[in-house]
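**Q** Sequence:
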Amino acid sequence: MFHAKVNRLLNRPPSRFYAHARSYFCGEIGWDQWPFLGYQGIADLGARFDLEDTSQQLAAAIPQLPGAPLEALCHCLENERVTDEIATALLERMESALNEEEIDLQLITAAIRGSSQARSPEIRQRLIERVLQAPCATHSEILAAIAGRAWEGLQETAICRLFLERLAENQEGQALFNQLLSDLMFLPDTRPQVLAGVRDPARSEQLSRAFGALLQGVQTTP
Numbered sequence: 001m002f003h004a005k006v007n008r009l010l011n012r013p014p015s016r017f018y019a020h021a022r023s024y025f026c027g028e029i030g031w032d033q034w035p036f037l038g039y040q041g042i043a044d045l046g047a048r049f050d051l052e053d054t055s056q057q058l059a060a061a062i063p064q065l066p067g068a069p070l071e072a073l074c075h076c077l078e079n080e081r082v083t084d085e086i087a088t089a090l091l092e093r094m095e096s097a098l099n100e101e102e103i104d105l106q107l108i109t110a111a112i113r114g115s116s117q118a119r120s121p122e123i124r125q126r127l128i129e130r131v132l133q134a135p136c137a138t139h140s141e142i143l144a145a146i147a148g149r150a151w152e153g154l155q156e157t158a159i160c161r162l163f164l165e166r167l168a169e170n171q172e173g174q175a176l177f178n179q180l181l182s183d184l185m186f187l188p189d190t191r192p193q194v195l196a197g198v199r200d201p202a203r204s205e206q207l208s209r210a211f212g213a214l215l216q217g218v219q220t221t222p
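Under full-length UniProt numbering, the residues of the sequence shown are numbered 1 to 222, in order.
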């Protein structure tokens with residue numbers, strides 16, 4: 001991504017892999033041809049998502065992409081202020097994945113990351129709220145993606161409290177709770193919401209126990 005961003009900022013041409021990547025994501029060469037893509041071409045495409053009709057083409061491709069190229073694309077978009085049409089396409093693809101009998105955690109995590117800097121806070125928050133309402137939200141990959149990349153959505157009080165409840169239920173146990181909660185407490189933009197959530201009298205018993213264990217660990221640390 002570094003070279004792709006630098007080339008875009010300096011008005012340099014993209015890599016030799018760009019044209020092929022663009023053709024692929026425009027649906028011109030078959031969705032099953034993704035193994036032949038150069039990753040640098042996808043990075044170039046991500047850095048140029050807002051040029052010409054690229055945003056519309058990517059939004060149209062997202063519902064049809066196999067998992068691997070979708071994950072690569074989302075990795076290249078996770079630092080970009082993506083358009084509403086791209087963010088909406090990722091939201092809808094994630095919702096479709098959540099309705100599958102076998103949940104694809106990598107795809108859901110990719111959608112969270114790819115939309116984490118979306119221009120529309122409403123779409124970002126809808127996506128996070130939707131995934132937190134799903135049973136798979138207790139998986140560490142999803143919780144870490146939200147806390148690490150999509151934490152801006154946790155500035156919404158209701159979403160933050162839902163996240164804290166899922167974090168308390170996580171499948172990795174107390175260690176993950178301590179790690180992610182500590183990370184969020186060090187972010188000035190999420191600290192007030194996190195503190196309000198763990199102190200909320202209406203919090204669950206499970207969240208109360210997890211936070212109590214965190215405090216006990218801090219107090220007993222030499």
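Because the hints were derived from the structure by calculation, they are not lab data. What you are looking at is a predicted structure, and each value in this text was computed from that prediction instead of being measured. Certain hints may be false.
Cross-link-like lysine to any residue pairs, in silico, SDA-like; alpha carbons within 20 Å at most [stated by the list, open to error]:
#1 Lys5 / Gln33
#2 Lys5 / Glu28
#3 Lys5 / Gln117
#4 Lys5 / Gly27
#5 Lys5 / Arg16
#6 Lys5 / Glu52
#7 Lys5 / Arg81
#8 Lys5 / Leu37
Ranges between beta-carbon positions, derived for each pair [stated by the list, open to error]:
#9 Ala68 / Glu169: 39 to 45 Å
#10 Trp31 / Ile103: 20 to 26 Å
#11 Glu129 / Arg199: 18 to 24 Å
Glycine included, every Cβ here is placed at the ideal spot set by N, Cα and C.
**Q** For this structure, which hints from the list above don't hold up?
**A** Of the numbered hints, 1, 2, 4 and 9 do not hold.
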